[in-house]
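S.K.: Based on the sequences and whatever the hints tell you, model everything.
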Amino acid sequence: MASKENYLVGIFDDEDVLLSAVENIRDKGVKIKEVYTPFPVHGLDEALGYRRTRLPIAAFLFGMTGTITALSTQIWMLGFDWPMIIGGKNHFSIPPFIPVTFEFTVLLAAFGMAGTFLVVSDMKPYKWPRMFDNRSTDDKHVMAIDLAANKISKEEISQILKSNGASEVNEKSY
Amino acid sequence: MNATHEVSDERYIFKPETRSKLLILLAVGIVLLGIGTWMAMSGGEEHRGGHAATTVTKDMVASLDAPATEAAAGEEHHGSPAWLKRIYTTLWMNNVFFTGLGLIGLFFVAIQYAAQAGWSAGVKRIPLAMGHWIPFAGILMLVIWFVVKGDVFHWTHASLYDKASIGPDGTYDEILDKKGVYFFWPLDNGSFPAFYIIRLVVFFGLWYMFFMWIRKEMLAEDVDGLNTHWEKARKYSAIFLVFFGVSSSVAAWDWVMSIDTHWFSTMMGWYVFASWWVTGLAMITLIVSMLKNSGYLKIVNANHLHDLGKFVFAFSVFWTYIWFSQFMLIYYANIPEETVYFIQRRTVSPYSWIFFANLILNFALPFLLLMMRDSKRHIGMLKIVTPIVIIGHWLDYYLMVTPGVMKGEGSIGLIEIGMAMIFLACFLWVTLSSLAKYPLIAKNDPMLQESLGHHI
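Residue numbers (the numbering used here), protein chains in the order written: chain A, 88 to 261; chain B, 664 to 1119.
Just so you know, the hints here were simulated from the structure itself, not pulled from any lab data.
Everything hinted at is true.
Which residues of chain A face chain B? A partial, calculated answer using Cβ under 8 Å: (1) His129; (2) Pro143; (3) Gly174; (4) Gly175; (5) Pro182; (6) Pro183; (7) Ile185.
Partial chain B-side listing against chain A, Cβ under 10 Å, derived: (8) Tyr984; (9) Tyr994; (10) Tyr995.
Note that the Cβ used here is the ideal one computed from N, Cα and C, for glycine as well.
M.R.: Structure below.
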């Protein structure tokens, strides 16, 4: 059966070796698809050349949506559509609207941010995550290299990985 | 990654240029205070909206017996002329404000030890230097209290506790008589407020002792590099934090809430603390930024500034949360004896603009300006936002203290600005001259390596 996607998977035992390996491998012109680590490794994002996430902007926009929705809903409902006297206050009085507005802002920001995160990091509900090596949840750092995205031959990449401290190099196809 | 970094010795030098700048600030403050006093004495800016305000206050309390007698009695014995009352008020208010800055210096250091924080190892000397203000603030607090008590603290008047003078025209105040024990114990109500003064002295005494203990361990560590100093400082810090939790709240009742004698709020302890805390954080951040700009603190980088900026951002929001919690409960319950506090501040002309400026300067601006990650990492932005926060909370304290004393006659003029400049110059003088006395970097701090590798 002909596979569509072929990967070379390098296994690393130590995060310091991994970090220098990432830098050296990228310097040699090899494109790394992703690195999976059992715990957060400081400096890995920079080494991989990732841009900073724009998730805070999404959170802000979702939060603003919450603020505007909650405020306008309350003002319209209690101020115009069905005015009610509650606690002897004016129909249109901002202070009692603030707690609801605050909560709704937080709710939408949190939901929106979590949802955005799941979508952009390819963890949609119907999507089964791809495990290049199950040991990345235990004690190994796993580097996946997409062969189709690289012009360098498989043997050469394998050699580069080994010379940079990979304890094993496996092939994986999907 | 795990390599240990060498840290070169660094010392802050309190340069003659800095000294002369502070002296100019002090001199300008004194001149402004003088001109302001002269103008107020010759009756220039009096009576703006004063009568309207008095009417509002009386209407507000008309439904209650006791405060009505208070208002009546208040006019009889509040003796000093308006200009002198203004000076007394701003003297007291500035001292409470700057006491907080000194205290927060110590509190910040203690928090770092108790939390075993690593990131802050490079900046801890700045809040430590701010703590040197505590003894000065304590002496000032005691002296100023005896000078201003008759005008600022309504409850000090003996006639309020005189049972011979009961009745609509009498001076006896039943509410205060029942609260009196909190001020006067073990003596008789209306005599010398022994309990109050004991608290003031004990608080400052213990704060200063904890400050000296923690400071001693921090400086001893520079010499012999033993980690036991860090552990001892941590122990003192933990005990201090427990004590500070109680004492800061009681101090807020004593020094701020007791000015509006009949009014009370269970949020006041937190409110005063929140305001002190965010101002102190802003002051620490500002001093760190200034030092960094003049070439000091080489080991402090954008990551440390980011954390300080986050502190200012987060506790601006925290202050707003406390502010709103206090306002919301009083607004919704709508009990006259509580609402009078906000009605005085929101509707009376000299205070109403400060009431809203308070929220804009202390919530909206820091919230929006410090929201982005990049703005917390740039000294330029921090140097814009932290003065806004410091000035904003100075206005916050103005609003806590002044309306209770000055009623409708308060204003912010040359007297208030001059006095603030005098206090600021003295505070900075003490802070910077103390900072110059010991190394700027604690090179033997066990957390220093973590701080050097700090990365967020």
